[in-house]
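Visitor: One-letter residues, chain by chain:
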Amino acid sequence: MATQLRTGLNPARVRELVPIELLREVPDVLPPVLAPVAVDAHAVRRRFGERAVLDGVDLQVRAGEFVAILGRSGTGKSTLLRILGGLDREFSGDVDVPDARSFVFQEPRLLPWKRVIDNVRLGLPRSTGRGAAAAALDEVGLDEHHRAWPKTLSGGEAQRAALARALVREPDLLLLDEPFGALDALTRIRMHVLLQELCRRHRPAVLLVTHDVDEAILLADRIVVLDAGRITLDVVVALDAPRLRGDHAFGALRSRLLAALGIDEVAEGNRA
Amino acid sequence: MPRLPQQSTAATFRVPPWTRRLIGPAWLLGLWIVLSRTGVISEKMLAPPGKVWSAFTDLVSTGELQHHLWVSLHRVATGLAIGITIGVVLAVLAGLFRIGEDIIDGPMQILRSLPVLALVPLMIFWLGIGEEPKIALVSLGVTFPIYINTFAAIRSVDAGLVESTTTFGLRRPALVRHVVLPGSLPGFFTGLRFAFAVSWLVLVVAEQVNATSGIGYLMMTAREFQRTDIMLVGLLVYGALGFLSDLLVRLLERSALQWRRSFAPV
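Protein chains in written order, with my numbering: chain A, 1 to 272; chain B, 1 to 266.
Quick caveat, the hints were computed from the structure, so don't treat them as lab data. No experiment lies behind these values; they were computed from the predicted model shown. Ideal placement from N, C-alpha and C gives every residue a C-beta, glycine not left out. Be a bit skeptical, because a hint or two may be false.
As the list claims (entries may be wrong) - Taking CB as the label site, the calculated pair distances span:
#	chain 1	residue 1	chain 2	residue 2	range
1	B	R260	A	A259	46 to 54 Å
2	B	P186	A	E197	35 to 43 Å
3	B	S255	A	R201	48 to 56 Å
4	A	D212	B	D102	40 to 48 Å
5	B	R193	A	R147	28 to 36 Å
6	A	G131	B	D158	28 to 36 Å
7	A	E197	B	R21	47 to 55 Å
8	A	G131	B	R260	27 to 35 Å
9	A	E170	B	P186	30 to 38 Å
10	B	Q66	A	R147	41 to 49 Å
11	A	E170	B	L251	38 to 46 Å
12	B	A174	A	R190	47 to 55 Å
Generate coordinates for the entire structure from the input sequences, incorporating the hints supplied.
Guide: Here it is in structure tokens:
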């Protein structure tokens, strides 16, 4: 069984050479030579006992590209993300990912016994860590809460802190596992805006696991649909900003994605 | 339409919280006085509060009480220090290393079901009747609650926190320092409170067998002279010590675990 997770690619270098704006305009099929690849996963398989949760997944993500992974529950979205993040090593296949990776989970997972700023600077060099952490917290709008205990934060604030903790490491790959799943609808909209701003500024490659189709269309450059352990759909989101849920093109893409997820909107609508 | 009453803050008379703590002891004392005065309790069986107070002042003026108190405190402090150290070291070894668990946890689980006080004869046989058996008994009694609670706490540290911390490139020693040990601190404190309670319990018994000093010794000699007033002084001293040591643990806990949001009773 060929199991390897290779790291060390430096997309930041490539990013300097290839303007990201160019990459945004590329068509569905990109000539591989042009692409500065941040994530290169080939024939990834993962079994839990008898069940093959991932059954031969191929996925390339370019530097600075925002890819959303959609799928019903149990289709291996999170497993794929955990493999790419190096949290799950019991897979087969070849995976190349950058060294600098950050993970944000559905729960903030802040250490409750460390103040917010100490959570953010955990693992950073002592000399530069504090300043960088403070700047990151300011950037996500938590300038008032540097010294707060995590348990005193609201759900949205805690998730902002988790985002700051992920971004302060200047990751080349940002892995988001349903990061807004536990937030209320209004907070989620705010977080979408914040995430878009942060991604524009830091330009990491982003992999977002979600089961919210609208969220995927709003945020992603490209959406892949995972079903029964395989990628069944891979589309570039060719919508101009601002992306509005009411737009015709938005609705058309939503229908297409929902169909890929096994939901017939018309039938569901009639039933309701 | 009826209007709901609001909670009034201005009109009600607020007593300071510490005075409310005294309500319980105060009415017990009152009951004791009344029952002694009316003769329901004979003076021979239980000395009235006044006699207990005078016995207390006598013992203090001769310096006898201070001497015995110091001896008892010294025994408990030494026993606690040794027991806590052993308990924590064993719990960390068993908690962090699989091999440590295999070697340590089994024997500890068997030994902890043994009543410590049943070891008194053996301790006296091994260590004589000096300070050693008393300190050894306290240490033993303390080791188990500390070990059990700390070990369980280390093992129940949230795996999600450990995982997310590893994604930030922390190696195992840093992980232990920043995640595992702070995460198991609440469990350690639970053990510490048990340990303090156990330490006094063990000391009482240890000091009443073959001792020549200590609060327990003071009470045993009082029994020979049927001095219930002195026995009660000893009891009250034990009670006060237990109360103060619990207060100490709670203060330590509050400063060490200030990150916890706790329930505030009305």
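Visitor: Identify every previously stated hint that the structure contradicts and give their numbers, smallest first.
Guide: Violated: hints 3 and 12.
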